[in-house]
Amino acid sequence: MLSDTERSLRDYAEHLRTSTRPIDAAEVYTRLGAGHAEPTSRARRRPVPPWVRWSAVAATVTVIAGAGAVLIRGDESPGSITTPTGSSGVESSPTMAASTTPDPSVVASAPTPAPTTAATPAVDPEPPVSIADVHEAQRTALRRLPGFSATATPGNDRGRGPVRYTLLADGSFYADTGGGTFGSYDPSTKSSLGAYRDADGELSYQEIVGQSDNSLPLSILGGFDPTRLAGDGTTMQDVAVRELDVEGRPSWEITVADTYPRFSRTPDTVVGDDITQTTVQVVDQETGLIVRSEISSTDPAQPPQSTTLTDIEIADEMPPGFPDVIPADAVVDRSGDPAAARASTLEDLPSFFARPVPAPVGLLNGQVMAVTSSSISIGQMDMFGEHERPEDGAAVVERRAEFVVREGFVATTVSVSAQAVRAGGEPWPGMATIDGYQCPDLDLDGVCDPPDTQPGADSFAVTDGALAGVEAIISASPTGAMAYAGVQLGPFQIFVMGGDLAATQEILNTFESITGP
Amino acid sequence: MALRETFELFVADVEPRLRTALVSTYGVSVGREAALDALAWAWSHWDRVVTLDNPVGYLYRVGQTAARHQLRQTARTLSPSPDGHASAVDSAQHDAEVAHIVEPALEVLSEQQRVAVVLVHGHGMTLRETAEVMDVSVATVREHTKRALARLRTAMEVTDAV
Numbered sequence: 001m002l003s004d005t006e007r008s009l010r011d012y013a014e015h016l017r018t019s020t021r022p023i024d025a026a027e028v029y030t031r032l033g034a035g036h037a038e039p040t041s042r043a044r045r046r047p048v049p050p051w052v053r054w055s056a057v058a059a060t061v062t063v064i065a066g067a068g069a070v071l072i073r074g075d076e077s078p079g080s081i082t083t084p085t086g087s088s089g090v091e092s093s094p095t096m097a098a099s100t101t102p103d104p105s106v107v108a109s110a111p112t113p114a115p116t117t118a119a120t121p122a123v124d125p126e127p128p129v130s131i132a133d134v135h136e137a138q139r140t141a142l143r144r145l146p147g148f149s150a151t152a153t154p155g156n157d158r159g160r161g162p163v164r165y166t167l168l169a170d171g172s173f174y175a176d177t178g179g180g181t182f183g184s185y186d187p188s189t190k191s192s193l194g195a196y197r198d199a200d201g202e203l204s205y206q207e208i209v210g211q212s213d214n215s216l217p218l219s220i221l222g223g224f225d226p227t228r229l230a231g232d233g234t235t236m237q238d239v240a241v242r243e244l245d246v247e248g249r250p251s252w253e254i255t256v257a258d259t260y261p262r263f264s265r266t267p268d269t270v271v272g273d274d275i276t277q278t279t280v281q282v283v284d285q286e287t288g289l290i291v292r293s294e295i296s297s298t299d300p301a302q303p304p305q306s307t308t309l310t311d312i313e314i315a316d317e318m319p320p321g322f323p324d325v326i327p328a329d330a331v332v333d334r335s336g337d338p339a340a341a342r343a344s345t346l347e348d349l350p351s352f353f354a355r356p357v358p359a360p361v362g363l364l365n366g367q368v369m370a371v372t373s374s375s376i377s378i379g380q381m382d383m384f385g386e387h388e389r390p391e392d393g394a395a396v397v398e399r400r401a402e403f404v405v406r407e408g409f410v411a412t413t414v415s416v417s418a419q420a421v422r423a424g425g426e427p428w429p430g431m432a433t434i435d436g437y438q439c440p441d442l443d444l445d446g447v448c449d450p451p452d453t454q455p456g457a458d459s460f461a462v463t464d465g466a467l468a469g470v471e472a473i474i475s476a477s478p479t480g481a482m483a484y485a486g487v488q489l490g491p492f493q494i495f496v497m498g499g500d501l502a503a504t505q506e507i508l509n510t511f512e513s514i515t516g517p
Numbered sequence: 001m002a003l004r005e006t007f008e009l010f011v012a013d014v015e016p017r018l019r020t021a022l023v024s025t026y027g028v029s030v031g032r033e034a035a036l037d038a039l040a041w042a043w044s045h046w047d048r049v050v051t052l053d054n055p056v057g058y059l060y061r062v063g064q065t066a067a068r069h070q071l072r073q074t075a076r077t078l079s080p081s082p083d084g085h086a087s088a089v090d091s092a093q094h095d096a097e098v099a100h101i102v103e104p105a106l107e108v109l110s111e112q113q114r115v116a117v118v119l120v121h122g123h124g125m126t127l128r129e130t131a132e133v134m135d136v137s138v139a140t141v142r143e144h145t146k147r148a149l150a151r152l153r154t155a156m157e158v159t160d161a162v
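Line by line, the protein sequences are chains A and B. Heads up: the first sequence runs through residues 1 to 517, numbered per the numbering used here. Heads up: the second sequence runs through residues 1 to 162, numbered per the numbering used here.
For the record, the hints were derived by calculation from the structure and aren't laboratory data. A virtual CB, placed ideally from N, CA and C, is assigned to each residue, including glycine.
Here are some of the chain B residues that sit facing chain A, going by a computed Cβ distance under 10 Å:
| id | residue |
| --- | --- |
| 1 | S24 |
| 2 | E103 |
| 3 | L149 |
Which residues of chain A face chain B? A partial, calculated answer using Cβ under 7 Å:
| id | residue |
| --- | --- |
| 4 | E6 |
| 5 | S8 |
| 6 | R10 |
| 7 | L16 |
| 8 | S19 |
| 9 | T20 |
| 10 | I23 |
| 11 | A25 |
| 12 | L32 |
Let the sequences and hints guide you as you build the complete structure.
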């Protein structure tokens, strides 16, 4: 027998049915217009794997770095490692982008965008490599790299000159851009400093306290993060790899063509049009660094971008001026994220969360971690949906501790978070409040249940430490280079991102419960 | 079989479920437009669609993206829901009495809860059919439905009391 609620739902569904006209193929053709009478022929693509659902999270994993000593200059013979020259100024015109002839030996079968990277064909063609090979080799090389200095030269489209910067594996970043201007990030204080000339030519200063990584100054001054895996964070639908020699250095060129539908109209486009964004990255085989990055799109609203990295020198310490200082009498813009991260220590975590906290104690080695406490809206639950800005007064506050386990520039990010429900507030739909924190309680038994398993995701049971016996949901990037694991332990959500599967499992086995001093 | 014939058969098979799910999620007008956008995308990317294990589930997600874009564009004209988001329920439905009763109650649900409960208890789809359309597990649909029904009962009682 139907309840009143169910009967209302039946009536409502009937109302929806009778209010909606069916769609036939003819209407679909009409929607697309004359230009889409037949689908265009293109290479078969794989379905989007479940991992892609986590790509938004994985893409936030930042592998960072800094300055110093031995290295690899474009004008050295291939593979040579030299002592540092001590050069820290902006070099003359970059040498990486010399004229070249494209190598026709494209390894992958995917469509090949027009080559745009300056390079010369390899003299001795290597056996074909896959994107998985490139990722494995990149990680091996980046593990050995303590840091580097390099000159980043943006393409003409960016309207800026070259910038010499230093990046260390711990995340330290510094660029002395001359004339009293600079940019820096200090991981020990989670702070960025910047001095720049405004439109009037006057020196202006900015200090942002509470940044969990160096991505802001690195992206502004360096143009891109050269320590990421080439082509990561994509669906890997159309990936082409070819081998090159760039200024005598063995390299790979990875081309990713990502096609997606347009959902907004402009005067010269229609809904349903394909937009193809092509990313071309050149990876130096010895260091694993991306030394050139180009992004172009068929969408005229998206201008092309490119940055080339040259005159790379290995470094294991920051330049003497780091992190630089802002004059005592300067007017400083300290506006920033009100929910910014702050530096914290392991011992502070229990008081931060107001309860015992699981953490991989043995891996931290006194590392400073970033903690944040921010109001969040329900929209942030949906990884496919719109990420709403935090709303003042929201009933739910997320407390998060995040730290990075590093091996050279290969970083695995570990985050431990819990969502506190403010006094008098309601948890989100589908959640319960247990001991002040909200969590899924599917059985209404007062115990946090594990989250839903994503279709296609795998899992394993943690065997040791505070998480022993807990089921971890895992997935991996298409190449297997990066794994993602999620664990629910009471109100805590624990995410491990960026390492390979073995490293991820090892980290989850090292958690201990910290109860405070 | 010609490409167009194949696609037309595909539309006949998939469209009812896809439209029903998106209309249940976003309302009559926005949901139908989203279904049309998703099917247009399918025709434009037919070579990709034929490789999909669960095309209706994938197209539902394409439709979600389209609907959210549409809602974002028109958010200013829609009344905010209790959690501050634009209402996902189309105002054009308000001429039906049942909509006046059910829609405010549905707004307290999450998007997944809403679509799950309307498909299962409204349209009478099985848990498995609903899971396929939503591209989630049967267990997930079961839990969303259970939670949604409980909240809906509470919300509708409140509505009735007013």
